[in-house]
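When you get a sec, could you build the whole thing from the sequences and use the hints?
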Amino acid sequence: MTDVTETSIATQKIETSKQRQSRIIGVLLIVLALFVVFVFGLGLSGDATFRLSRPTDPFALPNLVVPAGPFTYVAAALLAFLGARELIRGGTRWTSLSLGFGLAILVFAFLVWATAGKSFSLTGMLQATVVRAMPIALGGLAGVLCERVAVVNIAIEGMLLAGAFTGALIGSLLGGWGGLVAAVLVGGAFGFILAALVVTYRMDQIVAGVVINLFVLGVTSYVSSQVFSELRQLNNAPVFRAVKIPLLGDLPVIGPMLFNQNIFVYGALILVTLATYYLFHTRSGLRARAVGEHPRAADTLGVNVYRTRYIHVTLGGMVAGFGGAWFTLGSVGRFDENMTGGRGFIGLAAMIFGRWHPVGALMAALVFGFADSLQQKLALLNTPIPSEFLSMAPYIATIIVVAGLIGRARPPAADGKPYVKE
Amino acid sequence: MTTSIGKRALDDSGRALLKRATRGHQDFEDLVIVPVFAVIVALILGAVIMFATGVDLATIGKSFVALAKGSVGSVNALSETITAAIPLVLAGLGLGLGFRTGLFNIGAEGQLLLGGTAAVVFSFTFDGLPFLLLMPLSLLAGAVVGALYASIAGILKATTGAHEVISTIMLNLISFQLLNYLLRQPYIQKEGRSDPISKSVPDAGELPRLLDWLDPNLRVHAGVFLMLAAVALVWWILFRSKIGFAFRASGENPDAARYAGIKSGLVIVAAMGTAGALAGLAGAAQVLGVLDRASPGFSAGIGFDAIALALLGRSHPVGILFAGLLFGGLEAGGRQMQVDAGVSIDLIAIIQALIIVFIAAPLLVRAIFPWGFRKSDKAAGGSQ
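Each protein sequence line maps, in turn, to chains D and R.
Last residue of the first sequence: number 426 in our numbering, and the count goes up by one each step with no gaps.
Last residue of the second sequence: number 990 in our numbering, and the count goes up by one each step with no gaps.
Keep in mind the hints are simulated off the structure, nothing from the lab.
Don't take every hint at face value.
Think about it this way: if two alpha-carbon atoms lie no more than 20 Å apart in a straight line, the pair counts; the simulated SDA-like pairs of lysine to any residue are [stated by the list, open to error]:
1. R/LYS796 / D/PRO390
2. R/LYS796 / R/ASP898
3. D/LYS248 / D/ILE274
4. D/LYS425 / R/LEU970
5. D/LYS381 / R/GLN783
6. R/LYS848 / R/ASP821
7. D/LYS425 / D/TYR310
8. R/LYS805 / R/ILE868
9. R/LYS668 / D/SER229
10. R/LYS668 / D/GLN230
11. D/LYS381 / R/ASN786
12. R/LYS796 / R/ASP733
13. R/LYS668 / D/VAL231
14. D/LYS381 / R/TYR787
15. R/LYS675 / R/GLY850
16. R/LYS869 / R/GLY850
One-sided and incomplete, this derived list gives chain D residues near chain R with beta-carbon spacing under 10 Å [what the hints assert, rightly or not]:
17. LEU65
18. PRO66
19. VAL70
20. VAL156
21. ARG206
22. VAL220
23. VAL223
24. SER225
25. VAL227
26. LEU278
27. TYR281
28. ILE356
Predicted model, so just to flag it, every value in this text is computed and none were measured.
Glycine included, C-beta positions come from ideal geometry on N, C-alpha and C.
Pasting the structure below:
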């Protein structure tokens with residue numbers, strides 16, 4: 005691997021960043037191909053059976069049976085081909101597509117390897133993937149709304165936790181919808197507080213975020229150990245059940261994944277669509293992005309920078325509050341201390357991965373959700389890979405993206421800078 | 607060069623913060639009145655929160671008495687306060703040094719976990735070495751691992767510009783998983799246990815307790831000397847050494863520092879490494895002095911509290927020492943409060959968060975409490 009790097013540096017002193025990127029990706033893909041052959045392929049036998057639908061489904065699909073040994077070799081060959089292609093004629097526009105395709109092959113090879121000789125419900129896992137991705141996607145969307153107006157929001161974690169807490173408390177008192185509305189409002193309130201601290205009081209954005217996280221963690225843990233432990237009826241909210249959309253919900257694979265879910269999944273998909281339309285196809289969306297890229301120019305053109313930031317950070321808080329309610333109203337109905345467990349930070353990672361675009365954040369969240377649900381399934385399949393390493397993968401991937409080793413994500417130009425009106 | 611959150615993007619606000627955090631000695635009000643105000647107001651708001659959650663006035667009074675009694679009321683209370691302060695101060699010193707250099711290291715928690723684990727593993731691996739070798743070397747192992755782990759973020763920032771806030775957050779999350787994995791390895795896991803927990807530190811690896819001749823329950827341990835030495839060392843590094851000048855210069859004005867011939871990449875890696883070493887040392891002191899073994903989440907948020915501490919102590923070693931004693935006192939007093947008055951110790955976390963709000967947003971403090979500040983300062987605060 006180093007040989008390749010050194011020779012190409014020697015022969016070609018000046019190289020564009022694109023060439024460098026495709027070289028790295030090429031080497032990476034070849035390494036992955038070797039990995040697939042030597043770790044997965046050797047001595048693998050048996051068939052991997054993926055169940056696509058339950059026998060009771062109206063349009064049942066037959067099981068997908070893959071001969072494990074041959075498949076891994078085919079996968080490795082494909083990976084090697086993609087890698088070699090990048091190395092030889094890199095710098096073309098197919099680079100990131102090759103990488104994505106290569107990673108998909110890798111994941112599928114992994115699944116085949118893990119299920120060889122066993123059977124496994126693919127649809128069930130995909131459904132779990134969508135469910136687990138939602139709080140991350142909503143956290144990421146909250147981050148997009150804030151960072152597009154140049155406010156770094158480290159407090160997503162706290163806002164999710166506040167939403168989860170409020171959902172449980174108010175949901176127990178007023179029912180599910182009341183809890184949901186309250187969670188959104190409380191999330192919005194923390195968004196407003198963040199905006200006030202960083203816009204009006206010009207506190208450092210990261211310190212403000214850290215403080216909100218600590219504060220929410222403190223308050224929710226305090227109330228849950230001080231009040232909930234004695235008054236259990238305050239922490240027993242109704243849960244939103246899955247609502248099946250007629251016809252679409254009966255489709256195989258896609259039906260259970262997308263059309264037989266609870267309102268959080270539908271809500272997240274709608275919010276992502278709305279946010280994309282708003283940010284990139286409306287006048288006020290354009291103004292908001294202008295505030296994030298060049299606040300002084302926006303100000304000169306008559307956009308109220310402070311108000312725009314207040315509005316979008318509050319909206320971001322509301323989205324995060326909605327995502328937070330998922331933890332209680334969308335799954336167990338009960339609040340536990342620190343139950344978001346770092347999902348807000350993963351949402352932040354999803355935002356970076358998704359290159360500050362709502363759809364990108366959603367896609368990244370789905371990848372993270374997939375890793376998460378895969379980790380749960382691995383325990384059932386008895387694979388020798390420790391599940392901890394799988395849970396680490398999204399974080400490592402985020403560091404790689406942040407470091408710009410594979411593609412570089414560009415934040416809004418004014419991100420993190422306070423704006424002082426002249 | 608563009609980066610995730612944007613190197614350029616955070617520079618201005620970061621610099622403003624660091625300037626504020628480091629201005630220190632210039633201004634009595636900033637150094638004394640704001641922190642004292644912040645602590646008092648946070649305590650009052652803590653009382654308000656207790657009242658709001660249905661705690662009656664008598665219990666609120668009782669809990670504040672317990673808070674005082676549990677932090678400074680007896681030899682045992684003082685011992686607990688100092689014991690809690692040791693890892694906080696060590697990790698806080700590292701973070702403060704980072705702030706001075708213009709680095710916002712959120713990763714102390716992960717560095718502390720891995721450093722502590724390394725110290726435990728080292729100590730039982732070399733069980734049999736005499737105390738004078740085993741204990742210091744175990745501490746050193748913790749510091750080295752903490753430094754290496756922090757250097758990842760430093761090297762990434764120096765070479766690719768990856769923003770340290772994101773990379774340290776991710777390194778924290780990775781460290782939690784890594785710890786879970788490590789603690790299940792047969793070599794590390796305690797024999798006969800199925801849950802993730804490490805073997806115990808041998809006696810010769812432990813930081814000796816200082817006052818057990820007085821009462822075997824007094825937990826204060828030799829880490830207190832380590833803490834004081836670290837305060838002195840960091841003070842010396844920051845204000846008397848050449849590299850410390852480079853740290854501070856890079857923090858105050860990175861461009862000027864670069865033009866003056868200071869290698870910014872090297873400074874970043876060195877500062878992150880030093881901060882990580884101190885955080886690792888904090889973890890090592892915690893396991894060798896108090897916990898005796900590593901378990902998931904044994905850091906108990908020390909790495910995050912240390913951020914608050916470094917801000918409260920104005921990134922000055924002596925300030926961090928006092929802030930650490932204050933937080934240690936809150937911690938120890940909070941436990942007493944939980945026992946005596948039945949008020950959850952989580953209240954302490956709220957009070958700590960409120961303290962940082964008031965410390966980090968002086969404009970807010972001045973807006974709420976206009977008295978106690980000179981007019982001219984108000985203007986100065988307003989222009990920041």
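Comparing the hints with the structure gives:
1. R/LYS796 / D/PRO390: holds, 19 Å
2. R/LYS796 / R/ASP898: holds, 12 Å
3. D/LYS248 / D/ILE274: This hinted pair holds, its Cα atoms lying about 16 Å apart.
4. D/LYS425 / R/LEU970: Holds, at about 19 Å.
5. D/LYS381 / R/GLN783: holds, 17 Å
6. R/LYS848 / R/ASP821: This hinted pair is violated, its Cα atoms lying about 45 Å apart.
7. D/LYS425 / D/TYR310: Roughly 9 Å separates the two Cα atoms, so the pair holds.
8. R/LYS805 / R/ILE868: At roughly 45 Å apart (the allowed maximum being 20 Å), R/ILE868 and R/LYS805 break the hint.
9. R/LYS668 / D/SER229: holds, 19 Å
10. R/LYS668 / D/GLN230: holds, 16 Å
11. D/LYS381 / R/ASN786: OK: D/LYS381 and R/ASN786 at ~18 Å, within 20 Å.
12. R/LYS796 / R/ASP733: Answer holds: R/LYS796 to R/ASP733 is near 15 Å, not above 20 Å.
13. R/LYS668 / D/VAL231: The hint holds at about 18 Å.
14. D/LYS381 / R/TYR787: holds, 17 Å
15. R/LYS675 / R/GLY850: Roughly 40 Å between the alpha carbons, so the hint for R/LYS675 and R/GLY850 is violated.
16. R/LYS869 / R/GLY850: holds, 13 Å
17. LEU65: With a minimum Cβ separation of about 35 Å from chain R (threshold 10 Å), the hint on D/LEU65 is violated.
18. PRO66: violated, 37 Å
19. VAL70: violated, 30 Å
20. VAL156: Given a least distance of 6 Å, the restraint on D/VAL156 holds.
21. ARG206: Holds: closest Cβ of chain R sits about 6 Å from D/ARG206, inside 10 Å.
22. VAL220: holds, 8 Å
23. VAL223: holds, 6 Å
24. SER225: holds, 4 Å
25. VAL227: holds, 6 Å
26. LEU278: Cβ of D/LEU278 sits 25 Å from chain R, so the hint is violated.
27. TYR281: Hint on D/TYR281: violated, closest Cβ of chain R at ~26 Å, above 10 Å.
28. ILE356: Constraint on D/ILE356 satisfied, holds at 5 Å.
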